[in-house]
Amino acid sequence: MSPKSSKKRPKAKSPGKNPPFEHSKATSGTSGRSGSKTPRRGGSGGQNSDIQVKAAPKPPQGGYFLWGRHAVAAALANADRRIAALYVTDHSQDSFDDMRKTLPNIRQAELPEARSIDRRRLDAIGGHDTEKAVHQGMAAAVWPLEPPHLDDFLAHIEDRRVRIIMLDQISDPRNVGAILRSARAFGCAGIITTHRNAPEENGALARTATGALEHIPIIRVVNLARAIESLQDHDVTVAGLAGDGNMDVSALADFPRLAIMLGAEGPGLRRLSREHCDHLVRINIADDADSLNVSIAAAIALYAAKG
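Residue numbers for the sequence shown follow this note's numbering, beginning at 1 and rising by one.
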């Protein structure tokens, strides 16, 4: 800021006034530390200029916000997650501190210090993901996780019983987040989806996944049909969920190495995806019912596949 504009806005002298992501090129261990000098409770009685700024913080270039206790806790514990900045309201500071103390020392050292933030300012971060954030008093500005390559993933799951989810053009981030949550609950090894017609990693997806995003790898491929062939070459049976399937979902438990493919609500699996599946599997529902939400169908199929 120029000297002239500084005179017009004296509160810019506060060490916490710097925009949160002027240092977007920094790695997780360096960015945002200057903001930690702002007083917390017991300080200046709410007169801290950093927490009085009305504009919401912005995510780093190419990044986004995680919010909510489960999503933030899982990100803190994930050594592969690069975190640009952490934001905590005074009300949630003790809870956040307790959560951070459980981390290994090496992880604590590489994390930025948390910035104290007014709750109303934190409320606005959901605008970057088109919804109001239910943040529980804490948020993390992060960069997306590095997705593994399909070949590396297949090498990792070699010679063992495995469950995989494949998504055929499912674009709603909340559905994908809910599927991630079920995948985590039922011990799924990973989720395979396409680069196109699939949601980017974002706060809405992560919030719905309640921490599962940090545990379940998402593998993105250009061609889903070729990915099916690669799975089959590694002795993985691919079963697509379809209302007209000739096999009941309970039969999924019989396959030691299994990928369950789900299509978008409405159109379902695309023709080429169906043709590449080893089996088409149905979930029996009431005759007068239209269909199941795709995330519910995924949970049922994964539960059935447990055996």
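Calculated from the structure, these hints are not laboratory results.
Small disclaimer: the values here were computed from a predicted structure and weren't measured.
A virtual CB, placed ideally from N, CA and C, is assigned to each residue, including glycine.
Just to be clear, a hint being listed does not mean it is correct.
To be verified - Using C-beta positions, here's what the derived DEER-type ranges look like:
# : residue 1 : residue 2 : range
1 : G62       : D287      : 24 to 32 Å
2 : S291      : A155      : 17 to 25 Å
3 : R120      : A155      : 42 to 50 Å
4 : P104      : A251      : 22 to 30 Å
5 : L103      : R161      : 27 to 35 Å
Notebook entry, point to check: Which numbered hints does this structure break?
Noted result: 1, 2, 4
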